[in-house]
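There are 2 protein chains.
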Amino acid sequence: MASTTSTEPVIKSSSAPIPLAALDYSKIDVILRFLLFGASVSAVASIVSSDQTELVLFQGVPVPNPAKFKYSPALIYFVSAFSVSGLYGLFTTIVSISVIQKPRYKLKFLLHLLLCDALILGIVASATGTAGGIAYLGLKGNSHVGWIKVCNVYDKFCRHLAGSIATALFGSIVDVLLIWLSAYTLHTHVPK
Amino acid sequence: MASTTSTEPVIKSSSAPIPLAALDYSKIDVILRFLLFGASVSAVASIVSSDQTELVLFQGVPVPNPAKFKYSPALIYFVSAFSVSGLYGLFTTIVSISVIQKPRYKLKFLLHLLLCDALILGIVASATGTAGGIAYLGLKGNSHVGWIKVCNVYDKFCRHLAGSIATALFGSIVDVLLIWLSAYTLHTHVPK
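Heads up: the protein sequence lines correspond to chains G and F, in order. Each residue of the first sequence is one higher than the one before, starting from 1 at the first, in UniProt numbering. Each residue of the second sequence is one higher than the one before, starting from 1 at the first, in UniProt numbering.
In short, the hints are calculated from the structure, not lab data. A couple of the hints might just be wrong.
If several chains are the same, the list does not tell them apart, and a pair holds so long as it fits within one copy or across any two.
[What the hints assert, rightly or not] The calculated lysine-lysine pairs, modelled on DSS-like cross-linking and capped at a C-alpha distance of 27 Å, are: (1) Lys70 to Lys102; (2) Lys70 to Lys140; (3) Lys68 to Lys149; (4) Lys108 to Lys27; (5) Lys70 to Lys156.
Just chain G, with the same shape it has in the complex:
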């Protein structure tokens, strides 16, 4: 016991705890921002590559009928929103890395990133909701208004759409975590 307590002051003096903890948050921030970038690119790539053409009966004659994301304004909004989010993720990853090297401006950047994160969360969450609503309609249809389901015909298109929405949901959760992390880091710097 005596030898353990005698070494403690040496350990404490060699490593300052507060800057180390702050550095760890910065690294998690960079990882989360890169995850947001990755999730956004995956979501966009999955939906852009979802085109599928099937033979559909039109007045008794089978005609090739393509399904493309461009045919739905909701999916165009989804692709636009996640393109913005992907670019934002990439840009802020670089900013976040550069802030690690210059910790003097850290808290100011953290505030601005938090403000932008909140905006991006609004955009990606609404885009995920929009695409999710349309995808559910494609899967189940709505008999009350006569909107038929289409996923029994366009299976590949719907699989891509489902994968894209799952990745988008992950991206939205990452964005919430980013806001939480920034807020917590700001709070740790407030004097008690």
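Here the structure of chain G is known, so what remains is to put chain F in place on it, guided by the hints.
This is chain F only, laid out in the frame that chain G set:
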């Protein structure tokens, strides 16, 4: 000019700027939270009262066909999300008022409210997106998949839906502003 500069120190000494500014932020916080509550209640009330029954031709015979929000899973999600957001708005308005009276716990509460605000923003933005996507489909239809537009028949239903989505969008923006305000208030308490 000389008389103006001579009065300035007197004004500065009579009013302490930092606590006054903090108090103002708290008041804006209460107002914004009450606005979130109001917007959520309006959005839910507008959509719940949107039921409309019209005569629709079914195999050549006009039959009464009702339009209700319950028929669409997207609108059920919308109502659920904004019910949660309304309750959250009411609860946090009370919390925010009580924090004004006990400024000692202000920053701790502010952090927790910011974390919850980010979650609520994700929920309300996705719900607004979902309902917006379905409403746009009802307004314009989608000829590629044979989903007909319905707003030419159910005009009252669609008017209520549009009003509800506009209010929901306002509520989402208020939620973004709440996050911005909390983050900014936290940042002002960080020593420079």
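*Please flag the earlier hints that this structure goes against, numbers listed from lowest up.*
1
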